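Put together the whole structure using the sequences plus the hints.
Taken in sequence, the protein lines are chains A and B. In this text, residue positions in the first sequence follow the numbering used here: the first is 1, and each later residue adds one. In this text, residue positions in the second sequence follow the numbering used here: the first is 189, and each later residue adds one.
Hints listed in this document are in silico derivations from the structure and should not be mistaken for laboratory results. All values derive from a computational prediction rather than experimental measurement. The reader is advised that the hints may include incorrect statements.
Said to hold, decoys possible - Calculated cross-link-like contacts (lysine-lysine; reagent style DSS-like; alpha-carbon spacing at most 27 Å): (1) Lys543/B / Lys3/A; (2) Lys158/A / Lys546/B; (3) Lys198/B / Lys162/A; (4) Lys3/A / Lys546/B; (5) Lys543/B / Lys157/A; (6) Lys84/A / Lys531/B.
Each chain, written out:
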Amino acid sequence: MAKSIKIVLAGEGGQGVQAVAEIIAEAANEEGREALYIPNFGVEQRGGVSVAFVQISDEPIGSPKFETGDIVVALSDRAIYRTKQYVGPQTTFVYDSGIEGINGALPRNAAKVVGIPAIEVAKNELHPRVFNIIIMGAVVGATGVISKEEAETAIEKKLGYKFEKQPDLRDLNFKAIQRGIELVSKVS
Amino acid sequence: MPSKPIQDEKRVFMTGNEVVAWAALAARADIMYGYPITPQNEIMHYWTRLAPKHDKKFLQTEDELSAGFTTIGGVLAGFKAFTATAGPGNTLMQEPMSMAEMMRLPTVVVVQQRGGPSTATVIYSQQEVMLTTFGGNGEGLRIVYSTANHQELFDYTIKAFNSAWKYRFPTFVLGDGYQAKMREPLTIYDPLDKNIELVKPEPYVGKPGTPAIDRPPTQLRNTFSMEEELFEALQEIIGDYEKVAPEIAEYQSFGTEDADLVIIAHGVVSRAARLAVKEMQENGLKVGYFRPITLRPMPVKEIQEIASRVKRFLVVESAYGQLARLLKEAAYRSTAEMVPLYKPGVGVTAEEVVKKAKEILS
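Below, the structure written as structure tokens:
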């Protein structure tokens, strides 16, 4: 099978997992790699867990969805239950360590289970609005699927128009990437 | 003078629905008629954004019956007209499309398959194969392209307009919810920059001159009072269809020469089949790959040729044997076994295909 990195991101609506998935996939595409991103979608208009599937590869990508991810990120209690099916023996499972009441719910068959305090860091250290960028940093740190610089370029491309009005936002976002990378490197 | 739709060839990263809108623009489509249904809604969303900038039109209708019939109206008036639908909407669409079949009208319909039967899921399937190839009361006198990736979605949407107006049969681009909603890279271009000829539309009604004196009369009939009349009309249409079918039929294939097993899939599932075959070939297994691109007409000659020398096929689809039914008809007289891997309404991965193929070969 062509070597590709498979990523699952899941969270509550509004946590920004789809935006992160899209930015990562677009960044890889900008680097000339094969990239495919597909959101899950159902009949519900709101509510429900939001799941994003991303694949990055040097060769043509097969089916848009896949059985198990190389990295599975779950950002809420429901997301943890929802994404268990995508966890296998090769999977790094990342969840937010601030989620309560999940004792025994974490997957037992993963290669690695990593809890990171992303919600806490966003709230107390940076700003809640960059929570998903911290998660993006965590994905970048855990997979190396794109470099930190490429991640920054992608964010600049996506949010540059906001940075022009509020230059502090750029710093905030870049810090968030950096913190996300640190959070996963500390535990692994 | 309408502006040039795509200035320079460029690599883009977008959803399949957006790709279809750009392709219709590139094909110089004049008007889209549409009624919303997931997962194809964004085709008309993007079209309505692009259309005013390029002097194109859009009409939202009250349902899919109306979307289909207004598409026919657009075609009769000499416009490159199209619509898009899915699932239960595709069911309703069959009524107008059988009229297009009877009258030889070059309508273009983009279908993004969702789960069935009935409302089922809004997500994905390959369960609209029978409906799109043989739907309606009729004989399946239509052209159906089944795409596998965004580049093809772009290329074949342009081609659909060309084939429709060249051969004058209703033409379908058969995608699915995955292709509709996923983002992946492709290159968009203006076909004229690539010397791809765009077949010009022409009006069916309101032509200048006196009928039968200055020009042959236009006869547009979908009603016949005598059965013999209908029979005669159908003989001609069927004859025309059979004549051009081999020229329209398209397929992809590799490694079938000395294969112990050939894997057959269409559309988005063929991506998984292709990867699976490549991997097994690298491991020394004699496995081949065949994919019909046109599901109507089928590449009959090629299927018969392979079926005459290969003992076993593995037919993989996100439906319960709809592709297999078309294949069995095409391969009639062959004794090749067709082993199923049917997953109605869900995706199929390369890993599953490899597993099943190895089971068969062991």
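Exercise for the section: State the violated hints by number, sorted upward, taking the hints as numbered earlier in the document. Expected result: 2 and 5
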